[in-house]
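Asker: Take a look at the letters that make up each chain.
Number of protein chains: 2
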Amino acid sequence: MTDLGGTLRRASLAPSSSADDAAPLKDATLLSFNQATAERASLADVIEACARHGVPGISIWRHKLAETGVEHAAKLLRDAGLRVSSVCRGGMFPAPTAAERSTRIDDNRRAIDDAATLGAEVLVLVCGAAPDRDIGAAREMVADGIAAIAPYAAERGVRLGIEPLHPAFAAERSCITTMREARLISERFDSAHVGVVVDVYHVWWDPERAEEIARLGDRVAGYHVNDWLVPVKNVLMNRGMMGDGVIELRRIRGEIERAGYRGPIEVEIFNEEIWQTPLDELVRLTKERFVEVA
Amino acid sequence: MTDLGGTLRRASLAPSSSADDAAPLKDATLLSFNQATAERASLADVIEACARHGVPGISIWRHKLAETGVEHAAKLLRDAGLRVSSVCRGGMFPAPTAAERSTRIDDNRRAIDDAATLGAEVLVLVCGAAPDRDIGAAREMVADGIAAIAPYAAERGVRLGIEPLHPAFAAERSCITTMREARLISERFDSAHVGVVVDVYHVWWDPERAEEIARLGDRVAGYHVNDWLVPVKNVLMNRGMMGDGVIELRRIRGEIERAGYRGPIEVEIFNEEIWQTPLDELVRLTKERFVEVA
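Chains as they are written, first to last, in my numbering: chain R, 1 to 294; chain S, 1 to 294.
In short, the hints are calculated from the structure, not lab data.
Misleading hints may appear alongside valid ones.
If chains are identical, the list can't say which one is meant, so a pair holds when it fits in one copy or spans any two.
Stated by the list, open to error - Dumping the calculated DSBU-like pairs for lysine-lysine here, alpha-carbon to alpha-carbon at most 35 Å:
hint, residue 1, residue 2
1, K64, K233
2, K64, K26
3, K233, K287
4, K287, K64
Looking at chain R on its own, in the form it has when it is part of the complex:
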């Protein structure tokens, strides 16, 4: 279906149009730059670039905190005046033994501490895959894991955001693949403490997407934008800049807004070409596309 790729490239920035679509964003007030979009840059450099380009929010990955230590990172963020929409990531609950699952719980507590220290609103949970073939058992381990950490997260003032991942990642990253499944787990807890993170890359295809976002209501704990490129090559690294793929971004934002969500919108793009882009150009382009098509 190379035709499709061609058609989309030619009309790459023409958004879809429907009465249900959200109005264009007037400015970048809600923009949060997820650091994974600039994976090759240091945390300090990304913080500086966001401040320089007037990007108000940021999302921090834990492996990047090792560069500076969490306390120093918190100082850099405060000094730059950035809103920390989330920390990525907790989760990865399923493991073959009770001892290993317990180790994962401990690591999630440390992730909650990191989020609290950084003043992050949400800890994103990438739930993990089955250690064997039994995806049903893994789903139980996820629910048990969240139950084990939810009281501590509430105590530290960090909301947990369950992020369902695209079914292409079901065997390696997350046995939780649909918004419905994430919602059903989150409903075991107070919505103030456990919600669902909606990333367009993971959910755009879901025939029940609009209905499920409506059901989430105040459980929407975060909204991530990017795009689904055509043709798909490496499904992990197939994300593109908003406007370069097939996702109806304004349609989905309309759904999110009708659910009542008014929080930050993260731009999160795993893509080698994006990662090779010089940081200033990348942040400028992100802000431009955010306002133009997100």
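Since the structure of chain R is provided, determine the placement of chain S on it from the hints.
Answerer: Just chain S now, with coordinates in the frame of chain R:
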């Protein structure tokens, strides 16, 4: 998660075990060899190999019919005594213009003719992707397309089998991604004429899989087995031989059997390494794994 790959390779043939699992298959009576598993071989060679190895069924792809012509292919199949479980594929309904959609309908009628000539029980429908960003509109085009061809298929005695494809293919091959969605379309028609084809590769991750298979009941129009390899590289070509990946094959066959399905089970594997395997070795291995783990 390379660990996972390692674990699975070591224990590659140990099936999952649960009271809900199907009993081991006693023999290859239900086996149908989908020709896509031997994409590099000619239709005549695959027919001969199936006959030689005592494989009772076959599924034929239309692009292979061009090699011999459909009438000659029908003769070869009859002479070999093979059961034709399905023809692949009809579908691809969405298109940007009414004229182009009408051309697709005509092609589907020819596919129905091919299936009737070959004595195939089912025409598999791979429904097609949106020609633009509007996946909702594409889904309507699919429902309209099936409505347009269903009467002709019934007249020719060919059952239509809607095959939901894995969401990784939503932008390029099929806007119909879940069993539920396929079932809801199929329910607009008599179950004798329109059903749903369940391919483990496309549905193994679905948290509502067992429930949806039960709801399908006599609408299960075909069952395809293979495996989901870890780690995923190219998602289109990531299928493996049964037993080499993470899919709980006997669990899903249990669900299919409880739904009442007693028809042929197709082995369909798109994988370059499988395609490079000499035909006799491939058919022998397929039969062996079918009995051992499917």
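Asker: If a hint holds in the structure, say so; if it does not, say that too.
Answerer: Hint check results:
Both within a single protomer and between protomers do K64 and K233 lie at most 35 Å apart by alpha-carbon distance, with minima of 27 Å and 26 Å respectively. In the homo-oligomer, the alpha carbons of K64 and K26 lie at most 35 Å apart inside one protomer (31 Å), although the nearest pairing across protomers, at 54 Å, exceeds that limit. In the homo-oligomer, the alpha carbons of K233 and K287 lie at most 35 Å apart both inside one protomer (26 Å) and across protomers (31 Å), since each shortest distance falls under that limit. Proximity of K287 and K64 under a CA criterion of 35 Å is satisfied intra-copy only: 22 Å inside one chain copy versus 50 Å between copies.
Of the numbered hints given earlier, the model fails none.
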